[in-house]
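Enquirer: Here my numbering is used: the first residue of the sequence shown is 130, the next is one more, and so on.
Since the hints were made in silico from the structure, they are not lab data.
Watch out, some of these pointers could steer you wrong.
Said to hold, decoys possible - Cross-link-like lysine-lysine pairs, in silico, DSBU-like; alpha carbons within 35 Å at most: (1) Lys248 with Lys310; (2) Lys257 with Lys310; (3) Lys310 with Lys418; (4) Lys257 with Lys239; (5) Lys418 with Lys257; (6) Lys418 with Lys239; (7) Lys310 with Lys239; (8) Lys248 with Lys418.
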Amino acid sequence: MSVASNALRRDETAGAPPQDFDIRPLPGGIGAEITGIDLGLPLSAGDFARVRRAHLDHHVVVFRDQRITPQQHIDFSRRFGRLMIHVLHQFHLPGHPEILIVSNILEDGKPIGLGDAGKYWHSDISYKPLPSLGSLLHAQELPAEGGDTLFADMHLAYDTLPAHLRRAIEGRRAVHSYLAKYGQLQQEGNWRPNLSAEQLAQVREVVHPVVRTHPETRRQALFVSEGFTTRIEGMPADESRAILDELFAHSIRPEHIYRHAWRAHDLVFWDNRSLIHLAAGCPPHLRRKLYRTTIEGDTPF
C-alpha cells in the first residue's frame, strides 16, 4: 500500500463518527458477539480500539449482519496488520488475492474454492516463520444444515495441562508443515491440487515453541495442532507421537470449545495465537461459500 493511501486512511479514520454498537460475551467463556456495527464504514480510533480489545479478551468475535464488499473486508482486515496470500492461488478471489475462497461449490465440474478447509484442527498458517495473528471469515452462502466452525481455547488447554505433560514439553519446539495432512486430504477428496515447485518452496517446514507467549496479552498457550504439527524436536519418534496425541486430545476437551453456528452475513474474526479451529462439515449437496483474509503475526516465542 502506498504512503498516500496510508495517509488517506488515517485521515478517514480521524474523521469517522463513532458507531453505537454492543459487545456481548457469548455463553461458555469463549467468544463475543458484536452487533450494531458497520464494518463497511471507517471505524474511529476509539471504535477500532474497542474491537481490538474485544478480540484480545475473547479470542473470537462475531460481527453480525456484515453486508460488506470484498474490498471492505480487506480494508478492515488490513488495519490489524499485513495480509498473507495463501499458497493455493487456485482459490484466490479473482481480483483480490488477499481473499481465499472457502467453498464446496463446483462450477463446470471444478471447485471454486477450498472445499475441505479446516477438516483437521489447526491454527491458520502456523507453518510459516511468521504465523497468522488472526483470520476473518465472511459468510457468502450458507447451507441449510451443518457448516459450524469449532474453536478451542489453547490458553485454557495450557493452563489445565496435567503435570506430566507440562514437564514433557517444557522448553520444547515442534515442527509445523503445510504438507502434514496434504497427501491424506488429496486421497480423501478432490479439493487439493498438486503443488508446483514454486508453491512447495513457499511452505517449507518451520519450527516453533510448543508453548508460545501471546505477544500482546503475555498469556501462554499451546501451539501445536493435528493439522500442521508433525513432531517434537529432539525426541524419539514414538515418544514425540505419543505426547502430541495427548496434547491434541487435551486441547479439544468440550470445556475448551466454542461452536459457532453461522448466520447470514456473519464475519468471524479469531486469534490464531490463542485458538485452534475445525470445520464441522455439511452435507456435500448443500452449497457453502465464505471469504477469508488472514493477518500476518510475529515470530512465536
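Enquirer: Hints the structure violates: just list their numbers, smallest first.
Expert: none
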